[in-house]
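S.K.: Sequence:
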Amino acid sequence: MTSSLTSAEVNAVKASRIARTAKRAAAALALCTSASAFAGSVAGFGGATEITQLLNNAELVSSVAQQAQMVEQNIQAQITRLQNLAQVPGELINETIAPYTQQLDNFRSLYSAVTDLQQAAQSTSQLFSNAMSDMSSANLKPSQWLSALSSLAKSQGGVYRAQLNQDLNAISSLAKRAQNLQSIQSKIPGVTGNVQGLQMLNQQTNVLAGEMIDLHALMQRQVAMQMQDKADQSQNRDNVAQLLKARSAQAADINTKEQTMIQNAPAFQLPRDQ
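Under my numbering, the first residue of the sequence shown carries the number 483, and numbering increases by one thereafter.
You may find that some hints are simply not true.
[What the hints assert, rightly or not] For lysine-lysine, the following DSBU-like pairs were computed, each having C-alpha atoms within a straight-line distance of at most 35 Å:
| hint | residue 1 | residue 2 |
| --- | --- | --- |
| 1 | Lys658 | Lys669 |
| 2 | Lys658 | Lys636 |
| 3 | Lys636 | Lys623 |
| 4 | Lys658 | Lys623 |
It should be emphasised that the hints constitute simulated quantities derived from the structure, not laboratory data.
Required output: the full structure, derived from the provided sequences and hints.
M.R.: See the structure below:
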């Protein structure tokens with residue numbers, strides 16, 4: 483578990499949180515928790531490596547976004563080249579286009595996959611930037627920020643919980659998009675040699691997919707524990723309420739019986755003087 487926060491730190495988090503949107507805070511909770519940082523410690527981020535690990539992951543996501551944008555442009559050039567073949571005379575279309583029909587479809591699928599990845603990575607890169615900004619304004623380390631946001635999500639629920647679900651879905655989506663790109667490009671013979679930058683992007687997404695999968699699993703476990711704790715507390719409160727209600731009913735029943743006994747008791751007569 484992460485170390486306890488001082489009241490000043492909690493207040494700083496709340497102040498910063500109010501100043502920002504609920505989406506940004508929940509995103510910080512989801513994205514500041516690097517899977518690599520958790521690998522060696524149950525507590526999460528460890529010592530002086532906290533900021534370094536966060537920056538490394540932010541740099542990876544940013545690099546993927548930039549590389550994907552470049553590859554996207556190169557794939558579009560290939561699609562345009564193949565589409566231009568359709569301008570040949572009609573009698574030559576079948577002979578000329580047929581061999582490239584599947585290739586054109588493959589490039590279109592690849593283009594779509596790279597575009598999806600680029601958008602997801604760009605959005606995630608912005609979330610990292612927002613997280614760093616929030617932590618800086620609150621003067622907290624990633625572990626402290628994560629602990630504070632976890633407490634807020636657990637204690638207040640509502641929009642915090644909803645945003646946490648959205649961010650978990652976003653992390654899962656980014657991992658799936660990275661895997662989808664790898665799957666599509668692996669089915670196109672020689673495509674990494676035909677599209678400049680695709681080989682490097684494939685290497686980056688291989689790392690990114692693993693990070694996002696681990697991060698998603700980690701966040702699911704953490705959220706499950708938080709919700710279990712909350713469920714236990716809720717159940718305990720329900721049990722206490724039921725017990726108090728039962729005891730109150732018992733007391734009322736005893737009081738009613740005592741009153742009935744008193745009312746039905748024979749009249750008390752004092753002995754007469756002789």
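S.K.: Regarding the pair lysine 658 and lysine 623, is the alpha-carbon distance no greater than 35 Å?
M.R.: Since the Cα atoms of lysine 658 and lysine 623 sit roughly 30 Å apart, the hinted pair holds (cutoff 35 Å).
S.K.: Between lysine 658 and lysine 669, does the CA-CA distance stay at or below 35 Å?
M.R.: Since the Cα atoms of lysine 658 and lysine 669 sit roughly 17 Å apart, the hinted pair holds (cutoff 35 Å).
S.K.: Is lysine 658 within 35 Å of lysine 636, Cα to Cα?
M.R.: Between lysine 658 and lysine 636 the Cα gap is close to 28 Å, so the pair holds against 35 Å.
S.K.: Hey, lysine 636 versus lysine 623, does the alpha-carbon distance stay inside 35 Å?
M.R.: Answer holds: lysine 636 to lysine 623 is near 20 Å, not above 35 Å.
Violated hints for the displayed structure: none, as all numbered hints are satisfied.
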